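Asks: Sequence:
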Amino acid sequence: MNLENIGKMICDRRKVLDLSQNDLCEIAGISQHTLSAIENGTANPKIGTLVKILDKLGIDIDLKVRRLP
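Going by the working numbering, the residue at position 62 of the sequence shown is 62; the numbering climbs one at a time, nothing skipped.
If you are wondering where the hints come from, they were derived from the structure by calculation, not from laboratory data. Hints should not be assumed to be uniformly reliable.
Claimed, not checked - Label pairs and their computed distance ranges (CB to CB):
#1 L68 to D23: 30 to 40 Å
#2 I27 to R66: 27 to 37 Å
#3 L17 to L63: 18 to 28 Å
Given the structure is predicted, the values throughout are model-derived calculations rather than measurements. Even for Gly, the Cβ is constructed at its ideal location relative to N, Cα and C.
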């Protein structure tokens with residue numbers, strides 16, 4: 001899954017829960033600029049930021065770590 005897909009998933013779930021971007025930013029403790037960039041697929045957020053957002057939206061994520069050659 002790439003960052004654009006993650007952003008779309010976050011946006012879709014936020015809308016299903018009837019949350020504005022500002023609502024989600026307040027409960028997740030992030031800036032509106034950051035959330036907007038994530039939802040648009042233009043951000044490269046830290047794992048901790050994604051975890052905060054996904055937790056507040058009730059989304060689980062499985063991370064796979066791999067070593068690059």
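Asks: Among all the numbered hints in the text so far, which are the ones the structure does not match?
Replies: Result: no hint breaks.
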